[in-house]
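If you're matching them up, the sequences are chains D and L in order. Mapping to full-length UniProt numbering: the first sequence position 197 is 197, numbers consecutive. Mapping to full-length UniProt numbering: the second sequence position 48 is 48, numbers consecutive.
Worth flagging that the hints you see were computed from the coordinates, not collected in a lab. Please note that the accuracy of each hint is not assured.
Since copy identity is lost for identical chains, a pair holds within one copy or between any two.
As the list claims (entries may be wrong) - No more than 25 Å apart at the CA atoms, straight line, and that leaves these computed lysine to any residue pairs for SDA-like:
id	residue 1	residue 2
1	K121	K191
2	K137	G65
3	K137	A105
4	K121	E63
5	K191	D62
6	K35	E63
7	K121	H159
8	K82	G66
9	K35	A105
10	K143	L116
11	K139	D62
12	K158	P34
13	K158	G189
14	K146	F187
15	K137	G66
16	K143	D37
17	K139	P33
18	K103	D37
19	K82	K152
20	K191	R46
21	K121	K163
22	K158	D123
23	K139	K152
24	K121	D104
25	K103	S160
26	K152	F187
27	K158	P192
28	K143	F156
29	K163	G120
30	K143	A43
There are 2 protein chains.
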Amino acid sequence: MGSKGVSVFLSVLAFVVIEASIGAQAARRVLLPPKPDPADAAATARWLVSQNSWGTLSTINDELGGAPFGHVVSFSDGLPNKGQGIPYFYLTTLDVTARNAMKDARSSFAVSEIALGSCGKTDPQNPTCAKLTLTGKLKVVDKNSKEGEFAKAALFSKHSEMKGWPNDHDFLFFKLEIENLFLIDWFGGAKPLTVEQYLHPRK
Amino acid sequence: MGSKGVSVFLSVLAFVVIEASIGAQAARRVLLPPKPDPADAAATARWLVSQNSWGTLSTINDELGGAPFGHVVSFSDGLPNKGQGIPYFYLTTLDVTARNAMKDARSSFAVSEIALGSCGKTDPQNPTCAKLTLTGKLKVVDKNSKEGEFAKAALFSKHSEMKGWPNDHDFLFFKLEIENLFLIDWFGGAKPLTVEQYLHPRK
């Protein structure tokens, strides 16, 4: 193989390595809308919720002495890039999180920029790698209501696999009724952000 | 530029693209040890804790009506690929999670295979994309004890940035004293797994 051949081979190899390594998550990263200015708390929080597709939903677990019980779940706040800020879930009552919520609705939902892949080499706990906790009540959404239709469209458009999940598994739509926001997106502690500012951000 | 020069340029460009696109997370993915057989609950749980570098730590938030409060944090269970299963954290008491734990130690820590990038196109909530919740008590570790030295080495080896975090921010080492494990790594609900099986898995 001549030097040109070696170089071409290296180029091809490099791209194979890229292809093998990046996978679905980074392919998504390419399409990620730019991160808002950290000074704009509402826009940053809405970006985190709109762009993430999964997070950790915490409920009170009576079976474990009332422990705060986090569980990794999929979610959606609307059609892709048309999020409205409120996270919806598709949970089976076979699973402990849904059962917890139906006994005690107190809940929180945590997402982070680290899952979007845009924090680079910054440590996941570094405050500039943005993280958001929404606290409130986790409530069942009537699947036959207008909101139920919204939840279904929001979830199934981002999680197409859900369409085929078994009918006999008692899947229900849930929403987090947000009462408090805790956003870390820069040094200096949590950013002040009201539910009103979050749900109706200035464009 | 001759054809050799062009090829070398392309190779360099390709590697720059790799560097820019992959980032720390995917570079790490290349080094990921293979996922254990889902039938081996202890090995799968230990793999999830050993390979993840961040997760969601939930505590009881008195300031928010006793809500279960999830927060994304970095952690480590030992030196790279030498994890011992117990998650250690480096938290500042300026942050609400540490303050919560010092009032009420009930806590859980949730990690998922989705953060490792090895679930492919499987939905994050699909049971075959493994997820683990460790429930127990979140306790301060004396930094001057042998365990404090272990926690420091475990955390700082995986999170080198922590070495430079400000001394005046009251960072303390914490550990989760595990009392219960909730592992989903296949269809059919949570896998039975005791703390003893998890901490001392058969090789």
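Status of each hint after checking the structure:
In this homomeric assembly, K121 and K191 come within 25 Å of each other (Cα to Cα) only inside a single copy, at 23 Å, whereas the closest approach across copies is 34 Å. Proximity of K137 to G65 under the C-alpha cut-off of 25 Å is found in both arrangements, the shortest distances being 20 Å within a copy and 11 Å between copies. For the identical chains of this complex, K137 and A105 are neighbours both inside a copy (5 Å) and across copies (22 Å), given an alpha-carbon limit of 25 Å. For a Cα distance limit of 25 Å, the shortest separation of K121 from E63 qualifies neither inside one copy, at 39 Å, nor across copies, at 33 Å.
With identical chains, the CA atoms of K191 and D62 are at most 25 Å apart between copies only, with a shortest distance of 19 Å across copies and 32 Å within one. Taking identical chains as interchangeable, the C-alpha atoms of K35 and E63 are never at most 25 Å apart, the minima being 40 Å within one chain and 30 Å between chains. For the identical chains of this complex, K121 and H159 are inter-copy neighbours only, at 10 Å across copies versus 28 Å inside a copy, given an alpha-carbon limit of 25 Å. When the C-alpha separation of K82 and G66 is checked against a cutoff of 25 Å, the pair qualifies neither within a copy, at 36 Å, nor between copies, at 32 Å.
Within a single copy, K35 and A105 get their C-alpha atoms no closer than 32 Å, and across copies no closer than 35 Å, so neither meets the 25 Å cut-off. For the identical chains of this complex, K143 and L116 are neighbours neither inside a copy (30 Å) nor across copies (33 Å), given an alpha-carbon limit of 25 Å. Taking CA atoms no more than 25 Å apart as the test, K139 paired with D62 passes in both settings, with 17 Å inside one copy and 21 Å between copies. Taking the closest pair of Cα atoms, K158 and P34 come within 25 Å of each other only inside a single copy of the chain (19 Å); across copies the shortest separation is 28 Å, beyond that limit.
In this assembly of identical chains, the alpha carbons of K158 and G189 lie at most 25 Å apart only when taken from different copies (24 Å versus 32 Å within one copy). Proximity of K146 to F187 under the C-alpha cut-off of 25 Å is found in neither arrangement, the shortest distances being 41 Å within a copy and 32 Å between copies. Taking CA atoms no more than 25 Å apart as the test, K137 paired with G66 passes in both settings, with 16 Å inside one copy and 12 Å between copies. With identical chains, the CA atoms of K143 and D37 are never at most 25 Å apart, being 37 Å at best within one copy and 37 Å at best between copies.
Taking identical chains as interchangeable, the C-alpha atoms of K139 and P33 are never at most 25 Å apart, the minima being 30 Å within one chain and 39 Å between chains. Proximity of K103 and D37 under a CA criterion of 25 Å is satisfied in neither setting, with 39 Å inside one chain copy and 35 Å between copies. For a Cα distance limit of 25 Å, the shortest separation of K82 from K152 inside one copy, 14 Å, qualifies, whereas the shortest one across copies, 43 Å, does not. With identical chains, the CA atoms of K191 and R46 are at most 25 Å apart within one copy only, with a shortest distance of 14 Å there and 35 Å across copies.
In this homomeric assembly, K121 and K163 come within 25 Å of each other (Cα to Cα) only across copies, at 15 Å, whereas the closest approach inside a single copy is 36 Å. When the C-alpha separation of K158 and D123 is checked against a cutoff of 25 Å, the pair qualifies only between copies, where the shortest distance is 10 Å, while the shortest distance within a copy is 28 Å. For a Cα distance limit of 25 Å, the shortest separation of K139 from K152 inside one copy, 15 Å, qualifies, whereas the shortest one across copies, 41 Å, does not. In this homomeric assembly, K121 and D104 never come within 25 Å of each other (Cα to Cα): the closest approach is 39 Å inside a single copy and 33 Å across copies.
Taking CA atoms no more than 25 Å apart as the test, K103 paired with S160 passes in neither setting, with 29 Å inside one copy and 42 Å between copies. Taking the closest pair of Cα atoms, K152 and F187 come within 25 Å of each other only across two copies (23 Å); inside a single copy the shortest separation is 37 Å, beyond that limit. When the C-alpha separation of K158 and P192 is checked against a cutoff of 25 Å, the pair qualifies neither within a copy, at 30 Å, nor between copies, at 31 Å. In this assembly of identical chains, K143 and F156 lie within 25 Å of each other by CA distance solely inside one copy; the values are 13 Å within and 48 Å between copies.
With identical chains, the CA atoms of K163 and G120 are at most 25 Å apart between copies only, with a shortest distance of 18 Å across copies and 34 Å within one. Taking CA atoms no more than 25 Å apart as the test, K143 paired with A43 passes in neither setting, with 29 Å inside one copy and 39 Å between copies.
Checked against the numbered hints above, the structure violates hints 4, 6, 8, 9, 10, 14, 16, 17, 18, 24, 25, 27, 30; every other hint is satisfied.
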